[in-house]
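> Sequence:
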Amino acid sequence: MTRYRIGLIPGDGIGPEIIDEGVKVLDRVSELEGFDIDWISYPYGADHYLETGELLPESALKEMSGLDSIYLGALGDPRCEPGILEKGILLNLRFYLDQFVNLRPIKLLEGVSCPLRDPGVVDFTVVRENTEDFYVGIGNRASVGKSRQHLEVLRSLYSVKFGLDVEVDGSEIAYQVGVMSRKGAERIIRYAFDLAVRKEQERVTAVDKANVLTSIYGFWREVFNSVAADYPSIETEFNFVDAITMWFVKKPSWYQVVVTPNMFGDIITDLGAMIQGGLGLAPGGNINPDGVSMFEPIHGSAPKYKGMNRANPIATIWAGALLLEELGEVEASKNVVSSIESLLKEGKTLTKDLGGSATTSDLGDAISRKLDEFY
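Going by numbering that gives the first Met the number 0, 98 is the number at position 99 of the sequence shown; the sequence numbering is gapless.
Hints are computed from structural coordinates only; laboratory data are not their basis.
Incorrect hints may have been included.
Only pairs whose alpha carbons sit at most 25 Å apart, straight line, appear in this in silico BS3-like list of lysine-lysine [stated by the list, open to error]:
(1) K23 <-> K303
(2) K305 <-> K351
(3) K182 <-> K160
All of these numbers come straight from a predicted model, not from anything done at the bench.
Throw the hints in and build the complete structure from the sequences for me.
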C-alpha cells in the first residue's frame, strides 16, 4: 500500500480549524482509494514565535525537504510584526524548497454565485512564478547624501550581488529591486505550456507590463517567445496586467492557461478568486515539480473568527485535492472536487459566506460523506 508523509502546518487564526477539515476529507478519500497518509505536525506560527522567538529553524526546513508534501492552514496574527510570519515561514519554505510554481485554478463550480452577470464557463489556471520578480525581497532606503549599499539574492539557480553607490539630494528615497533570470522565467513558462498540453488546452496567455517596465518584462517576453517556439500547436498571446484585469471581468471564459511573473500573479489571482465565488473557494499550490510542494487556501488567517467554527473550509479542502493530484492520486483529487461541487449544487450545507448557516466542521463532515457517492 502506498504511504505518503505529509507535513501539517495548521498556522494561525482559523488555520487549525480549516486544516482539520482538510485532513478529515483527505483521510476519508485515502481510505476509499486504498493509500495511507502519515501526518507530521509542525507548530510554526504566531503562538510558537511569541513563545520562543523562533520562526522556522534550519532543522525543520531540512526535515521538510524529505517529505512527500506539505499542507498549510493560514499564517498571520496581529500580535506579530506585519509580514514577519509570512516572510519567515511561508516565503522561507517557498525559497528553500524551490517551489517556483504558484498554481491557482480559477474554476466556477456549479451552485456557486458569481458576481459577474454572465461569466460563461469559467475554468482556467493561473501559473505564477513564485521566487523572483519584485518579491525577491531586496531593497532599501537612502537618506540625503552618499552611501554604499549591498544587496544579495541567493537561489538554487543562481546568486546575484548588487553593490550600489547611492547619492541622494533633496529627499530621502526608498527603492525595491526586481530580479528575473532566464532560467527562472524559462522553467515557469515551460511549466505553463506543459500544463496546457496535459489539459488538452489550446492557448497560453502571458502577462506583463512590458510597455513601461521594459527591461525586466521585455526580457520576460523574449523568454516566452523562445519557449513558445517549442509548442507550435499552442496559440499564444500577451496581455498587459491592467488589461487582463479588465478582460477577467468582461470575458473570463476566454482564458485557459495564464502565465505571469510573481507580483502580477499575486494581484490577478485575487480577482480570479472573486470570479469563482470568493476567497473561501480559492485553493493554491506552491509547487516544485521535482521536489516537495506545499498547498494552502489563498485567504488569510482571519484571526477575529478564530475558534468560532464558522470559516469556510472549502478552499483548504480543495487545496488538499491539488496536493493529491501532485502526488499522482488523480482519481482521488477529482472525486474530492466533485464532492465539493455536488455539495454546493445541493445548497443545503453552506457556511455563512455562501448564504447558509453551517459550521466549518459541518462542511467537512458533509464533503466526507459525499465522497462515498463517488465510490
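> Below or equal to 25 Å on CA atoms is what counts here, so check K182 against K160.
Measuring from Cα to Cα gives roughly 17 Å; hence the hint holds.
> Given the hint that K305 pairs with K351, does the C-alpha gap stay at or below 25 Å?
This hinted pair holds, its Cα atoms lying about 15 Å apart.
> Could you grab the alpha-carbon distance between K23 and K303 and see if it respects the 25 Å cut-off?
At roughly 24 Å apart (the allowed maximum being 25 Å), K303 and K23 satisfy the hint.
The structure meets every hint from the earlier list without exception.
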